[in-house]
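K.L.:
Taken in order, these protein sequences are the chains called A and U.
Here the first sequence is numbered in UniProt numbering, starting from 1 and rising by one per residue.
Here the second sequence is numbered in UniProt numbering, starting from 1 and rising by one per residue.
There's no promise every hint is true.
[To be verified] Straight-line distance between alpha carbons at most 30 Å, and here's what the computed BS3-like set of lysine-lysine pairs gives:
| id | chain 1 | residue 1 | chain 2 | residue 2 |
| --- | --- | --- | --- | --- |
| 1 | U | Lys86 | A | Lys153 |
| 2 | A | Lys117 | U | Lys236 |
| 3 | A | Lys174 | A | Lys13 |
| 4 | A | Lys117 | A | Lys156 |
| 5 | A | Lys80 | A | Lys156 |
| 6 | A | Lys153 | A | Lys80 |
| 7 | U | Lys6 | A | Lys174 |
| 8 | A | Lys145 | A | Lys156 |
| 9 | A | Lys80 | A | Lys145 |
[Unchecked claim] A few chain A residues that face chain U, going by a derived Cβ cut-off under 8 Å, partial list only:
| id | residue |
| --- | --- |
| 10 | Ile46 |
| 11 | Arg118 |
| 12 | Tyr120 |
| 13 | Thr122 |
| 14 | Asn139 |
Keep in mind the hints are simulated off the structure, nothing from the lab.
Please read all numbers here as calculations on a predicted model, not as lab measurements.
Heads up, the beta-carbon is just placed ideally off N, CA and C, and yes, glycines get one too.
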Amino acid sequence: MAVTDTLNKGLRKIPAWLIYVVGAAYAVWEFWRALNQIGPYLVEPINVLERAYGEVALILMVVGLMVTPLRQWVGLNLLKFRRAIGVTAFFFVLAHFLVFAILDVQSLERVWTEIVKRPYVTVGMLSFVMLIPLAVTSNNLSVRKLGAATWRKLHKLTYPAAVLGALHYLWLVKGFQIEPIIYLVVIIALVATRYVAIPRKRQTAPS
Amino acid sequence: MAYRWKNDLTMADVTPKAAYLNRRQILAGTVGLGAIGLAGRASAQGLEPNTLEEITSYNNFYEFGTGKGDPAANAHKLVTSPWSIKVDGMVDRPGDYALDDLLAGLSVEDRLYRFRCVEAWSMVIPWNGIELADILNKVGVQSGARYVAFETVVQPENMIGVQRRVLDFPYVEGLRIDEAMHPLTIMATGIYDEPIYNQNGAPIRLVVPWKYGFKSIKSIVRITLQEDEPPTSWNKANPREYGFYSNVNPNVDHPRWSQATERRIGGGLFAARQDTLMFNGYPEVASLYEGMDLTRFY
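In isolation and in its complexed conformation, chain A is listed as follows:
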């Protein structure tokens, strides 16, 4: 398809490291706004910042999970950005956790109590822990050392981590709210594409 070919060609010129730069800049920007209590941070910056980082992490996980289906069905190739998307998602989860632990809960003892006692925190924490080995092995050396097959197997942890992340969000809101449901449904659907046979669009097929 002409459109995807043009897009793919254009995307090739964009370096993947730009994602890290934009991600870091955005994280710092939000922190700065929270510090100075600007905009949504006017009254209670801690919870708002906690949620802002968490939500970016979820969005990046969704985008990361879309890379493969987009390539297979639409022919759009974002593969070279996937590692940067995943690692940036991890850093936002880490930032989310740090805001929770340091600014919100404010003591290690209470952090532990929260993790053990509150299922939605347990689930979020589990997701975070699953992402750690993935972040650590997101480099070419690890792929070589582990071997492609093992590495790929390990990185399937992305699926439960993303589902648990969305569940964490759904579990913490009060009343009937639509956003966390949308995240959960989209993530489950994207994971399902890995296990359901759907006719593929071949990269090499003539258009």
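Given the structure of chain A, go ahead and fit chain U onto it with the hints provided.
P.N.:
What follows is chain U alone, placed relative to chain A:
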């Protein structure tokens, strides 16, 4: 019946108007030393009121959306005039009362109260209001009435949260009659001597300072005296998490978060948590619950 409860503080201790409009400016030293002195005196007693800006821009009013800023953004659509309240059930003088008629002759008092949300944040709010007991005595409570039920207005076309069915609206709440008659329990019509903002529950709302904020139902259109315990909205939505009583209690956790500590709004990004007080620091209500297992009747 009015003036049965005395503040440690009077409105003279409240941050003056010029100051509350922008406390940060005072701290930056742009307003006179006198203002700092007043603010300092109130805070020394642990009850420095939040600014009007804080009180009116960080709200839970799910009829107008679930975000904390949503009520401030959307509540201008609430139509508050004319306003009438249906008073029914076991009362001597039931009827649809125009708000002014219902409140005529009753005293509006200043009440500087702690306000503790079930989500573990808190504020200090200088309310202006009328003792609920005065209103109930005016309509005449019959002897068999053991509970008071309240209902919030529903204006679906003006309320985005109602359209999205966040909860089973109308929002309903209730009190036991002795809680309703307690001198601490007020119906607020103002904050900082200004008419109460829509996002805070205009034109009239309940304030029960020893209970979690969601008990203090906003924009009330119906008051019913009855024999049985009335249903309450959050209890209907999630009975495991929200009980009828919902007294502030640091020893009984909400299943999803601890109630032992709270964060006072207004401290910025590095605000420290503080210990939550039993009955939100109003021990005078403890006698209402004597002999009750508060872990069961949460």
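K.L.:
Each of the hints needs a verdict: does it hold here or not?
P.N.:
Do the hints match the structure? See the list:
{"no.": "1", "hint": "Lys86/U to Lys153/A", "verdict": "violated, 65 Å"}
{"no.": "2", "hint": "Lys117/A to Lys236/U", "verdict": "holds, 24 Å"}
{"no.": "3", "hint": "Lys174/A to Lys13/A", "verdict": "violated, 44 Å"}
{"no.": "4", "hint": "Lys117/A to Lys156/A", "verdict": "holds, 28 Å"}
{"no.": "5", "hint": "Lys80/A to Lys156/A", "verdict": "holds, 18 Å"}
{"no.": "6", "hint": "Lys153/A to Lys80/A", "verdict": "holds, 19 Å"}
{"no.": "7", "hint": "Lys6/U to Lys174/A", "verdict": "violated, 35 Å"}
{"no.": "8", "hint": "Lys145/A to Lys156/A", "verdict": "holds, 17 Å"}
{"no.": "9", "hint": "Lys80/A to Lys145/A", "verdict": "holds, 20 Å"}
{"no.": "10", "hint": "Ile46", "verdict": "holds, 6 Å"}
{"no.": "11", "hint": "Arg118", "verdict": "holds, 6 Å"}
{"no.": "12", "hint": "Tyr120", "verdict": "holds, 6 Å"}
{"no.": "13", "hint": "Thr122", "verdict": "violated, 11 Å"}
{"no.": "14", "hint": "Asn139", "verdict": "violated, 33 Å"}
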